[in-house]
Amino acid sequence: MRGIASELVVTRVGSIEVRRVGPEDSAADGSSVPTVVYLHSGMGDFDAGPFLVALAESAEVVAPLFPGFGQSTGIEQIDDMDDAVFHLLDLWDTLGLTDPIVVGQSLGGWMAVELAVRHPERVGHLVLVNPLGLYLAEAPIKDMFGRAMGELADDLYVDQSLSAPQIMHALDDLADSSPGGVSVPFELVRPVYETTAAMARLAWDPYMHDPKLPKRLWRATMPTLVIRAKHDTLVPAAHCRYYVDHLANARLVEVDRAAHLATPERPDEIAQLVTDFVEEPHGDRR
Amino acid sequence: VRFFSFHLMPYPALPQDYDGPAWVTCPNQLFDPTVGQDIYNRYLDELVYAEALGFDGVCVNEHHQNAYGIMPSPNLIAAALARETERVKIAVVGNALPLYDPPTRVAEEFAMIDNLSRGRLIAGFVVGGGPEYYSFSLNPAFARERFAEAHDIILKAWTEPGPQEYIGKHYRLRFLNTWPRPVQQPHPEIWIPGAGSLETMEFVAAHRYAYMGIPYFHRSVFERTFGLFRDACEREGYTADPLQSGWLTPIYVADTDEAARAEYESHFWYWVRRLLPGITITPPGYTSVRSLESQMKGAGTFAVNLQTWDEVVEGRYAIVGSPDTVFAQLEECLSSFGTGNLLGLFQLGTLPAAETRRNLELFSSEVMPRLRHRFPEGHPVLAPVSSAGAA
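Chains as they are written, first to last, in our numbering: chain A, 1 to 286; chain B, 1 to 391.
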């Protein structure tokens with residue numbers, strides 16, 4: 001399996017950790033393969049490695065970590081989704097990205113749409129995996145900020161034996177044992193706290209959505225694939241359908257045996273969906 | 001040492017079969033107004049009684065959407081106290097500044113209370129508890145920024161001639177010009193409660209305000225917290241005055257140790273097991289990473305985890321016993337914490353009116369005079385030998 005390289009890139013808000021992986025034989029002539037940018041969820045998707053590698057079968061994959069995630073700094077410069085989009089524009093310029101294929105999961109999907117409605121010329125293709133960003137009165141997004149980690153893990157993953165849900169359940173077990181004097185080691189808590197704090201800046205209020213987004217969706221004219229995981233119990237199916245109905249040029253596909261964080265759980269299948277989608281002929285933009 | 005009677009105004013009638021949290025999602029159908037109208041008036045009477053018994057002041061605080069303390073507006077209670085008392089300090093500890101938008105409301109209401117009480121207000125400013133950020137859907141990531149801006153607005157409104165302008169990130173006020181102005185000049189005494197957050201201590205130290213330790217931890221946590229606060233003052237270039245810190249603790253006095261425990265214990269456990277659950281929820285971004293790390297050192301000792309009465313006594317989570325026992329334990333704690341304000345909770349959980357009054361009476365007649373003698377105002381409270389090396 002190819003390795004994922006990691007580098008720090010300096011941007012206006014701070015230094016950004018960028019993970020990269022490309023096709024095995026791309027070194028001599030990389031110009032023919034497309035570039036895919038992967039925008040992670042609010043959990044950071046530290047287990048997305050296999051997905052990135054699978055995508056890299058036929059693309060140069062660039063996976064920046066948002067400020068507040070991993071080694072990326074500068075979250076204190078970002079107050080809302082507007083700041084987030086400007087950060088992405090800066091990052092696109094810094095990394096020399098013109099109009100890449102943008103794949104975003106959950107929070108990353110929401111961020112990708114916010115970029116796409118403002119600057120459709122900077123997003124060649126758009127792929128949204130269980131995106132956030134909408135409020136639908138009849139289908140609210142479940143609470144993410146006030147619940148125990150283990151309970152949240154059940155919404156995020158079908159297979160609870162994967163490493164990420166295991167860690168989330170372990171954090172709960174440690175916290176539960178605190179009356180006896182055992183408390184959770186701070187090294188375990190720190191990344192979880194920093195990650196959810198970064199998420200809160202963008203998504204606490206309005207909760208997980210942008211009230212202005214629906215009236216702007218028509219502006220995203222690029223070919224768009226919305227991927228819905230059948231077992232996503234955090235974001236109801238109506239959200240993906242709403243995106244498909246209101247984005248200019250979108251269609252829906254469902255994947256089985258995955259929950260809200262689908263890319264770590266179905267890496268090959270979702271990577272194949274992305275590859276096929278990009279390779280299929282698309283008409284001129286509307 | 002100054003003595004304050006603090007009331008949480010707990011809701012004492014949660015049904016037996018309710019075992020959920022007392023905060024944020026505790027169903028408001030559980031609030032019975034026929035109970036409410038009685039306890040609000042009773043609790044006010046208990047606060048007013050403290051004046052007759054010789055206390056220096058009374059304290060109220062602010063919490064929302066919960067059964068732990070039904071004072072969403074402590075300023076309303078303080079206004080009633082201003083009319084029903086003549087001498088005692090009225091400490092509102094405090095108003096949760098980020099919840100007021102714009103925070104000029106706090107400058108106005110506190111100034112009203114200061115006028116009504118003829119200059120007896122102690123103005124408390126708090127960031128607000130973790131649960132409040134859920135109850136208000138207010139972004140916890142901006143809690144500290146909003147607190148700092150709101151504080152600046154209030155102080156500016158009180159101390160600089162208006163009309164003036166305040167343009168910040170979270171609040172923009174083109175005409176800052178609050179009426180009335182406070183009686184106490186340049187402004188009322190300011191207290192800031194804190195739960196061990198280093199930023200809060202540094203803020204209080206820098207402004208030379210008073211730091212009130214958030215209660216219900218093991219005594220070792222208080223010892224550390226108040227030590228950290230004194231260190232913060234030293235870093236600001238001065239030695240903290242004892243009146244710059246305060247310790248809040250449940251107190252119950254009866255004729256004997258046995259009687260005290262027998263009368264008090266069940267009411268204490270109602271508070272621990274029914275009213276505390278849910279209070280510790282920490283919203284993301286509410287505190288800095290370095291403060292979180294510092295606070296986690298004491299988190300396991302928070303009272304919600306208490307299981308046995310022995311733990312309560314050993315950790316001094318409540319000071320309960322005969323006058324001699326209560327005096328001895330308070331003397332020990334005060335001299336190891338160095339705090340010049342003692343904030344006693346004389347009613348807790350379901351403790352009934354008769355027991356509360358007797359508790360206040362016994363404390364004020366049998367314990368308070370001895371403590372006043374032992375810790376005269378204007379003298380250090382901290383024991384001269386560093387507690388770090390003591391057994």
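Because the hints were derived from the structure by calculation, they are not lab data. Because the structure is a prediction, the values reported are computed rather than measured. Don't be surprised by glycine CBs; every beta carbon is placed ideally from N, CA and C. It is possible that part of the hints are untrue.
Said to hold, decoys possible - Pairwise CB distance ranges (calculated): (1) 379/B to 174/A: 42 to 48 Å; (2) 366/B to 166/A: 54 to 60 Å; (3) 235/B to 6/A: 44 to 50 Å; (4) 290/B to 90/A: 27 to 33 Å; (5) 235/B to 86/A: 46 to 52 Å; (6) 172/A to 25/B: 47 to 53 Å; (7) 16/B to 188/A: 36 to 42 Å; (8) 188/A to 53/B: 48 to 54 Å; (9) 361/B to 172/A: 45 to 51 Å; (10) 208/B to 190/A: 49 to 55 Å.
As the list claims (entries may be wrong) - Among chain A residues calculated to face chain B with C-beta under 10 Å, some are: (11) 75; (12) 77; (13) 142; (14) 145; (15) 150; (16) 189; (17) 193; (18) 194; (19) 202; (20) 204; (21) 211; (22) 213; (23) 218; (24) 277.
Using the nearest Cβ pair, does residue 211/A come within less than 10 Å of chain B? Residue 211/A check fails; min Cβ-Cβ to chain B is 13 Å, beyond 10 Å.
Quick check: does the Cβ-Cβ distance between residue 16/B and residue 188/A fall within 36 to 42 Å? Distance hint for residue 16/B, residue 188/A holds at roughly 37 Å.
Does the hinted range 54 to 60 Å hold for residue 366/B and residue 166/A at CB? At 57 Å between Cβs, range holds.
Does the Cβ pair residue 379/B, residue 174/A satisfy 42 to 48 Å? Because 45 Å falls inside the window, the suggested range holds.
With chain B as the partner, please determine if residue 75/A meets the hint condition of a C-beta pair closer than 10 Å. holds, 9 Å
Checking hints one by one. Is residue 142/A an interface residue toward chain B, by the C-beta closer than 10 Å rule? Since the shortest Cβ distance to chain B is 14 Å, the answer is violated.
Chain B contact restraint for residue 194/A - C-beta distance below 10 Å: Status holds, d = 6 Å.
For the hint on residue 189/A, does the least C-beta distance to chain B fall short of 10 Å? Check passed: Cβ of residue 189/A comes within 7 Å of chain B, closer than 10 Å.
Given a cut of 10 Å on the nearest C-beta pair, is the interface hint for residue 193/A held or broken against chain B? holds, 6 Å
Determine whether the Cβ-Cβ distance between residue 172/A and residue 25/B falls within the hinted range of 47 to 53 Å. Since the Cβ atoms of residue 172/A and residue 25/B sit about 19 Å apart, the hinted range of 47 to 53 Å is violated.
The hint names residue 218/A as touching chain B; please verify it with the least Cβ-Cβ distance against 10 Å. violated, 29 Å
For the hint on residue 204/A, just tell me whether its beta-carbon gets within less than 10 Å of chain B. With a minimum Cβ separation of about 4 Å from chain B (threshold 10 Å), the hint on residue 204/A holds.
The structure is inconsistent with the numbered hints 3, 5, 6, 10, 12, 13, 15, 21, 22, 23, 24, although it conforms to all the rest.
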